[in-house]
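**Student:** Chains as they are written, first to last, in my numbering: chain A, 9 to 322; chain B, 9 to 322.
No wet-lab data here; the hints were simulated from the structure.
A couple of the hints might just be wrong.
Pairs involving identical chains hold if they fit within one copy or between any two copies, as the list cannot separate such chains.
[Said to hold, decoys possible] Only pairs whose alpha carbons sit at most 16 angstroms apart, straight line, appear in this in silico EDC-like list of lysine to aspartate or glutamate:
id : residue 1 : residue 2
1  : LYS206    : GLU51
2  : LYS153    : GLU173
3  : LYS125    : GLU110
4  : LYS87     : GLU39
5  : LYS153    : GLU165
6  : LYS82     : GLU305
7  : LYS46     : ASP56
There are 2 protein chains.
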Amino acid sequence: MNFSKEEYGKGEDKMEFKEELKNYQTIINQELEKYVRKEDCYEKKVNDAMAYSLMAGGKRLRAILVMDTYRLFKEDYEKSFPFAIALEMIHNASLIHDDLPEVDNDDFRHGKPTNHKEFGHATALLAGDELLNYSYIAMSTELLKTVKAEESREELENKIMAFDEFSHAVDRMIIGEYLDTELEGQMISLDLLKYIHKNKTGALLKLGVKMGAILAGAPKEDIERLSSYAEKIGLAFQIKDDILSEEGDEKEMGKPVGNDKERNKCTYVSFYGLEKAKKELDTLIEEALKDLEPYGEKANFLRGLTLYIQTRSK
Amino acid sequence: MNFSKEEYGKGEDKMEFKEELKNYQTIINQELEKYVRKEDCYEKKVNDAMAYSLMAGGKRLRAILVMDTYRLFKEDYEKSFPFAIALEMIHNASLIHDDLPEVDNDDFRHGKPTNHKEFGHATALLAGDELLNYSYIAMSTELLKTVKAEESREELENKIMAFDEFSHAVDRMIIGEYLDTELEGQMISLDLLKYIHKNKTGALLKLGVKMGAILAGAPKEDIERLSSYAEKIGLAFQIKDDILSEEGDEKEMGKPVGNDKERNKCTYVSFYGLEKAKKELDTLIEEALKDLEPYGEKANFLRGLTLYIQTRSK
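Chain A extracted, bound-state conformation (with noise of 0.2 angstroms):
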């Protein structure tokens, strides 16, 4: 069955494709458990506390980059988990210091209060901490577990690629973050903002791609066609959250929509303009889809995510 755009993402396509979606977020949702400390002690409240932002049901779509773009090349994607995890980790992470009062000073997320209205301030900054470490404590066990084991070179040297991939993109997600809110409010050109959501979104979904890719032992051709595919997904993804922040529905979003408008911010919407940003969406979509024609059947699911992107209604 060779896929066309049309054909993807309708009947009983779509159905596999949500099938497989919910299997991946169930293994995802369970390697995180594993995570969770749970002893009653004096440290209970940080730990729940990251265990309420980790475990709050995002969508997982970079763990799941990291393990279907694995098994474009490799079917025992179950050596990517470790990755997977810890890039989950950091994006919670990152959630939860943008939520605080000093940066973007949200009450919801994912329809519940953010970290530090549950938490407080003080426990709601070191729960980030500990998970934006915590991912680093995932990769390092997973290190010392290869190189004890006497895995081959070629194993390790896949791990340490990807760990180091991983350091500079979350340098990059930090610097987007900071970007982002040292300029609200500002009038800026649509080229800072197009750099500004490279590093602040597009960082970790990038990484998710060449993480898996880079894993599974990809040549470098590959791994460089992915990495554009992943940009284009990277900033059709904002341009989608843009568009929804504008005229999403406020109970689906789980947080109250408008929002970025009410703070004066620059957005692609902005910019464009409502019928415009779709426009830009859509052909962003079309060409990340031509950058996984090679991958044949193994690219479906990816194809049913990228379509996903476009649709998505939250």
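Given the structure of chain A, go ahead and fit chain B onto it with the hints provided.
**Tutor:** Relative to the frame of chain A, chain B by itself:
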């Protein structure tokens, strides 16, 4: 020359120690300088904020512990630099977050305004995140270099072990900071106070010594003995801090003294009283020096450092 406690820390030896301490600090500052980003661009302010804290001229005690412990076993101690630097980064990251209004709400550090006083709350938060993450960039860069250079499996394993020790120690440091914040103003037991400091201050000091020994490929019994040494100086360091906070000179300390008392904080001095706290400090230093005996002259600098912890005036 076989050192006794009475001889060391006096006259010529003391001069030698001070000179060596300064040498170490110069090396560390030079190494850290390499990581400071200077691009004059949108990211300038957050980079400046990172550099402001990183280059504020702390004692560099943790990094020195990595480097000098390494030298107990091997000569080529420049191999330990990336890990020593990483430790100094994470230490400074923790200071930035500790000083924030929601945690300790401190206005001064090393005699200068704290990071958030100088750069604002959001930038200080994100500069702290950046520095935390930067410590992992330093390590991932080093690991990648090692695996690409096809260094020995043993070398690689030691570095991965150091990375794993690092991530776990940082977890303990953050938990210590959390407990210190959460329990502030409450009456706690001496055991709990010790537990807090074992994590908050002790974890990174112990990490310094452990990483030095691990990176040099030291035998297990040495790693254990030196870990025990590090626990003692960690506790001694904190007791001395409390003593200085009680009776120190405000100008020398670079921050207001009597701070802890005002905030009704439990300290070793409030538990033991000043005189008994000093005795406890002396006992710990005595025992720590015993742990160094097997290393003869090679441990002279660590002896000096141990006595410095006891006698420092800031």
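**Student:** Given a CA cutoff of 16 angstroms, do LYS153 and GLU173 count as a within-copy pair, a between-copy pair, both, or neither?
**Tutor:** Between copies, since 13 angstroms is at most 16 angstroms while 20 angstroms is not.
**Student:** How would you label the pair LYS46, ASP56 (within, between, both, or neither) given a Cα cut-off of 16 angstroms?
**Tutor:** Within. Shortest intra-copy distance 8 angstroms satisfies the 16 angstroms Cα cut-off; inter-copy 39 angstroms does not.
**Student:** Within, between, both or neither: how does the pair LYS82, GLU305 come out at a Cα-Cα threshold of 16 angstroms?
**Tutor:** This pair counts as within: shortest intra-copy Cα distance 14 angstroms, inter-copy 55 angstroms.
**Student:** Using 16 angstroms as the alpha carbon limit, work out where LYS153 and GLU165 are close: within a copy, between copies, both or neither.
**Tutor:** both (14 angstroms within a copy, 10 angstroms between copies)
**Student:** Is it within a copy, between copies, both, or neither that the alpha carbon of LYS206 lies no farther than 16 angstroms from that of GLU51?
**Tutor:** Answer is between: at 14 angstroms across copies they meet the 16 angstroms cutoff, but 36 angstroms inside does not.
**Student:** Give the relationship of LYS125 and GLU110 under a CA distance limit of 16 angstroms: within one copy only, between copies only, both, or neither.
**Tutor:** both (13 angstroms within a copy, 13 angstroms between copies)
**Student:** When Cα atoms must be at most 16 angstroms apart, do LYS87 and GLU39 count as within-copy, between-copy, both, or neither?
**Tutor:** Within one copy only: 12 angstroms inside a chain, 36 angstroms across chains, cut-off 16 angstroms.
Against the hints set out earlier in the document, no violation occurs for any number.
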